[in-house]
Amino acid sequence: MEDYKFLFKVVLVGNAGVGKTCLVRRFTQGMFPPGQGATIGVDFMIKTIEIDNEKVKLQIWDTAGQERFRSITQSYYRSAHALILIYDITSQPTFDCLNDWLREIDEYANNRVLRVLVGNKIDKEDREIPSHVGQDFAQRHDMRYLETSAKQADNVEKLFVQIASELMEQAKSKGISSDSPQSLPFNTRTSKSINDYCCNR
Amino acid sequence: MGSRIRNDVVRLFECFCEVAGPSKENTVPWILQKFPEHYKKDELLETVPNFAYPCDFDRTMIQHYSFVLTNAESKWIFGFCRHDPKSETALVVLSYLPWHESFYKLLNCISNLTNSNNSKDLWPFLESVYNSKLPIKGLDLKINSDSGEELFVCQSPIQFQLPSIPENRNLTEYYSAVDCQNMIIIFASMLFERRIIFTSKKLYRLSACVQSANAVLYPMNWQHIFIPVLPQSLIDYLLAPMPYLIGLPHSLFQSLQRNDLGDVVILDADNNTIETPFDDLENLPTDVVSTLRRQLRNKGTLLGDGVSRAFLRALVKLIGGYRDALKFHQGERITFNKEAFIESRSANMQPFLKKMLELQIFQQFIEERLEMLNAGLGFSDEFEMEVCNYHEKSSNRLKHQYKDWTFTMKREGTALFKTVKNVANPTVRNAVKTVKERGRDFRLAYKDIRSKFNAPNKNPRTKIGTHPNSAPNSPSMQKRQSWSHTTASASYRKETANGLQKLTTSQNFKDSSISPLPQINLNLMEDLKEVIFRNCDNDDPRKYTSSWNDSVKSNFIINDDLINSSFGSMPIESPMETKDLIRLDSTSSIDDFDPLNSPTNSDRLVPGVGLSNPLYQYFVPLNKTQLETKNNNDLLNEYGLNFDLLSCSDQPGTSMSPSQLPVPPLPQLPPKPPNFKSNWTKFE
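Chains A and B, in that order, give the protein sequences.
The opening position of the first sequence corresponds to residue 1318 in this note's numbering, with each subsequent residue numbered one higher.
The opening position of the second sequence corresponds to residue 4 in this note's numbering, with each subsequent residue numbered one higher.
Excised from the complex, chain B in its bound form:
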């Protein structure tokens, strides 16, 4: 898996140490005391003093920084440090969680308790923090003293939220120390997996910059040697032939034999200068760099997650096309097709994408996404959201190809859907998950699946899955042929298949501005759009996720019954709801989010419903083992398809329990379906 953060963390921290600094009597730093005392990872603990006192450094002010240890599974353990000029010791908390702000706060609490008259309170305090359950994403953990006084509040980060300025101390530090141009050069160097050294006189700046340089790579993760603060004793690691990202205290940097290092990129974070022997920036596609630069220089939007989002958008442009390279064949695992990936972007980007395939960070990213898909875990995060936005804004071709593929996924899963209820067959769960991934179209898709329980699946059209990624013209020709074979007597199954093909064909031709197809087909799309969203404020179509559009359209084209039943079950408000969701999200976007204009900014973050909260969590649900006993409703819930969250609840007539779902058509039709019907008829 790509992530280097453990996802099975049970407690806030693993160990607290107080480390005595080097002195005249004892030149080696050592652990004065630790909590819990039974913490026995000696190999780890042995190295902690070295990282707490990595070298001679300026100790005239209080400073917080973090170091990182890497265990045998390549997961990171964070060491959060607090140095106080008034103290001979450093306070260190070891944790698997990268929650810098919370742990720096915790260290301040510990320091207060240590220095106050009630230092005897320290151990009970640590114990209650240690024994506390991890707060759910977005919620707080509060520790009170015996007298009820609030000692420590740990806010669990909202899931998938991008690092924001000024809330995220690391990114804020990185952004203020290093200018846009140099941030972009570092970004480029990391995308080419160079050996990279950051240096600074200040340890907090060092660790903040290294951490942030990795953070803006999201959704990818640095896969190589990662040492935000390198102790003197490990200086030989700078000779490693593998890529690395190492923070080197300036005092050690000065004593370095530069010609021993070979080709390295060096960022001096104090002077905002970079030395690099490579042309990595020049090798990034120019339009990506210029957009990124423009966004980063637009000071007005940089508060909040503007910086993170600018990098994320650059990555979407570069690698967002991975979705078009996913291949699905019935009964097989989803795979990644390199050629299709390269073709997912325009010719000027392709040389870079070829390079990208050679990178460990990209490979791990793909592995992770494939693993999640194949395990039936859908995912929706800021990256995928931005990919949707990007597709919406740019070429429709990509979007439709992806839709093509996901539609196949759904259909392939159909026949097996019964199985999923019993044994959670991965393939089927993929299909269901894909449904989930579509965003808010699940009712339709679910009905699609349910209504086809007994439909024979004789002709699995895996071809659809293999074509979308080819050059636009050739598959279009094939599809067009098959469309011309459509007859009125086509079977239900056939009709479904051809429905999709028609859709694809028309869009392909539309995109390539060739229109040999009957005009009516193109009109259909417009008509559908109008019908589907006629009750919505259609000023800004971008506010709908592409997945919503895609799936609604493709599902509607499938067949009449389905459309009727879909409309019966889908309240008109649903699209509005979708829009709302996206609007919530876009509040945090670079365009209009300005925390300075919102004095109650932090209060606005309703726990669990964050600005950029995803539609669901991709974590394996706790109650997974109870799958067999679940009814449909539970199953849907498990897959993140929670009907209650939909606006339909305020329309009793249209809010159905899942058990009703397979029964088309419904008595209560929303006002406009007849119109829709007529549009459909027009098509026929």
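The following block holds chain A by itself, in its conformation from the complex:
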């Protein structure tokens, strides 16, 4: 195993075509593309970043064929540290689906992971979901919010770095030693501060 202090697992959720894969590819660009999605049904990418002089390894997992799930249940993400819910800001249907995706998540909210709402494709001109609508939605559901463009790499780095630093902060506040990066109690959350977390517009 390579040298890192923290390992965080991030799970991506969202309709087909919202740019999940692009987003990750943009972030991990050329770093680690196993690309087994087509034969295993799950793809993951890894990138190690440095935050406050500490190495943090991010593993980002993307399941193919999510459309078959009406909603994501807790077992799907309970071993993850963070959950990124993605929609396409030019597509109302992908935004409407958020409620479905979240239905179960909200209902069984006792085991929360860090949740981030991402409106992707801000490079496109035909926006259908105003920024504040996404922001409101995120606030209502106790999520962080960010808009990105995988195409132009806007906010992509920022998204993952912020997830990593928040998770790291959580981990540290729980007094996790570097010897067991896996054993963090990742299902608990520290108090959140939505306003600190960013929205780019």
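Since the hints were made in silico from the structure, they are not lab data.
Every value quoted in this text rests on a predicted model; they were computed, and no experiment measured them.
Where hints are given, some of them may not hold.
[What the hints assert, rightly or not] Here are a few chain B residues that face chain A, going by a calculated C-beta distance under 8 Å: (1) E46; (2) L72; (3) E76; (4) E196; (5) L237; (6) Y240; (7) L242; (8) Q366.
[As the list claims (entries may be wrong)] Calculated Cβ distances over 10 Å to all of chain A for the following chain B residues: (9) G141; (10) S179; (11) Q184; (12) E278; (13) Q363; (14) Q367.
[Unchecked claim] Subject to a maximum C-alpha distance of 30 Å in a straight line, what follows is the list of computed DSSO-like cross-link-like pairs (lysine-lysine): (15) B/K89 to B/K145; (16) B/K140 to B/K37; (17) B/K44 to A/K1468; (18) B/K302 to B/K330; (19) A/K1491 to B/K302; (20) B/K89 to B/K78.
Every residue, glycine too, gets a C-beta built ideally from N, C-alpha and C.
Could you slot chain B onto chain A? The hints should help.
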């Protein structure tokens, strides 16, 4: 949809490959040849060599195993492998069908042809298999050589048949490698959607155990990462945060950094040991576990589908109540009510059921059933059969609630029935399908529908659909009130409605041992039972499906005309027929099926009429598009209501064509209706 098996498969296999193993010159396995040569799914083919040679493994004996690839739609593609110590290559067949036994046989055929003097026959052989039509369920596909010699016989599995020991190689292997207790722990871990690793030195054991662990979840399907044999190159998938079921060859297991994995359940299939950080078994309802354990330890009944059925029955106890949680409102899609689901079982089970709602496997199961109901596709499979049995044996309350609901379904569909003949309106088809689902009561129900063609449907009593799932007492009170409003001058429609309410009320009170109702109402039920089944061997009432009972009873209570006409059209033999059907089925049950005592076991399986064949298929009929041109008879057939299959055919007078159905009453009444009539009168 919940199933991960494609249901639009057209050919037996997609591709055959011969894969050269790693050697000194070439350390990476590669595809030597493939058939058909135009098979172009490169992404798929690229990974095949890796799965055919997943790691260093014992190659001193011939072994068959299967691997699974998952496509973008989350459907599985099976790779069936044959390794022969005498050969430097592995034979691989890719198919969407999970027919392990057939494909292992096919691989043996291919191997024989390759090694024999007539290796030139291999390609023509593959071609004829490739181009053959898929055999109909329960039938055989036979491939002969030019000289007429039988080369390969592929038996298509009988639909809905549960995996049996010893016919099913996977389950047989799983059962012999892993003891009951550990099978139950794995079952529990899967019900809690853990990250689960199986390990073994033998690839065939690995794939067999993983496949079987999923198979005993039926009617649910594992929805997560599923890799029966994990190649070395994909070892990082063990770090996935999502639930998984992965078969890890032992050589790879040894090199694993255990503390990287996090919380996983590990089954060592060679040593029959389990490590788990969870208390999943303890969190299953104890009575379910103890029954399951008892059934699995009862060696006498484990041949045949005893093992599968033991797990199926456990699942019936756990989730069979989903039917009581289905909600139907006129003009709307059928929905699933979580609270009602939790209340469908006793208090000690409810914590588990709450958990169950959080599971993807359960959610997909419900989605699938709802989708089928809303699309007008009924379903009848081993699970539903066992649910009926269970309800029959245990609390009547549940049964009657379900009946209540389905009856509403039928009635809601009534007014729209004309539409179904033209455009197959989903809602109506639901109703018709529900009729079908009732089992053998379709004549009554159909008549019910037909006889009400012109009845006004002013007062859709959707309430019935919403009540059955509440606690037994409160709705009973309401229903009782409405019953007390019944007057002799009630309209036809009203009478129907109240008839049902009376029925429900009496049963509810009966169940809860409170009996504030006039005794006559309770007697009625007994009388009806006696009348309806008076000609039957009534020793074992369990042999009737509950649906038969329910629908017959509820329909009989509806009104006089209907009863008369129903009796006219329904020969006395019908209940017998129902019984026969169930008896056929119960032959395969854990209680009395012993393949060892039946030397001609396989011969007994008459194609298409298997031991546990359902009453009909739920697949969309091929001729669906011709719906408009169908007459009633065709329509009924399409919905699986085949009169010809009924015993009435040997009684010419009572075998009616559907076009006659709406004409009550019939001239030829079976001998006993007068009695029935008198019972009915007694009620009034």
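Evaluation of the provided hints:
1. E46: holds, 5 Å
2. L72: holds, 5 Å
3. E76: holds, 5 Å
4. E196: Check passed: Cβ of B/E196 comes within 4 Å of chain A, closer than 8 Å.
5. L237: Holds: closest Cβ of chain A sits about 6 Å from B/L237, inside 8 Å.
6. Y240: Holds - the Cβ of B/Y240 comes within 8 Å of chain A, reaching about 7 Å at its closest.
7. L242: holds, 7 Å
8. Q366: Hint holds; B/Q366 Cβ to chain A Cβ min 6 Å, cut 8 Å.
9. G141: holds, 29 Å
10. S179: B/S179 is indeed farther than 10 Å from all Cβ atoms of chain A, at 29 Å.
11. Q184: Answer for B/Q184: holds, closest chain A Cβ roughly 24 Å.
12. E278: Its Cβ never comes within 10 Å of chain A, the nearest being 16 Å, so this holds.
13. Q363: About 5 Å separates B/Q363 from the closest Cβ of chain A, which leaves it inside 10 Å; violated.
14. Q367: violated, 7 Å
15. B/K89 to B/K145: Holds, at roughly 28 Å.
16. B/K140 to B/K37: holds, 28 Å
17. B/K44 to A/K1468: It holds: about 28 Å lies between the C-alpha atoms, which stays within 30 Å.
18. B/K302 to B/K330: violated, 41 Å
19. A/K1491 to B/K302: Roughly 51 Å between the alpha carbons, so the hint for A/K1491 and B/K302 is violated.
20. B/K89 to B/K78: Not satisfied, since the Cα-Cα distance of roughly 34 Å exceeds 30 Å.
Going down the numbered hints, you'll see the structure goes against 13, 14, 18, 19, 20, while the others check out.
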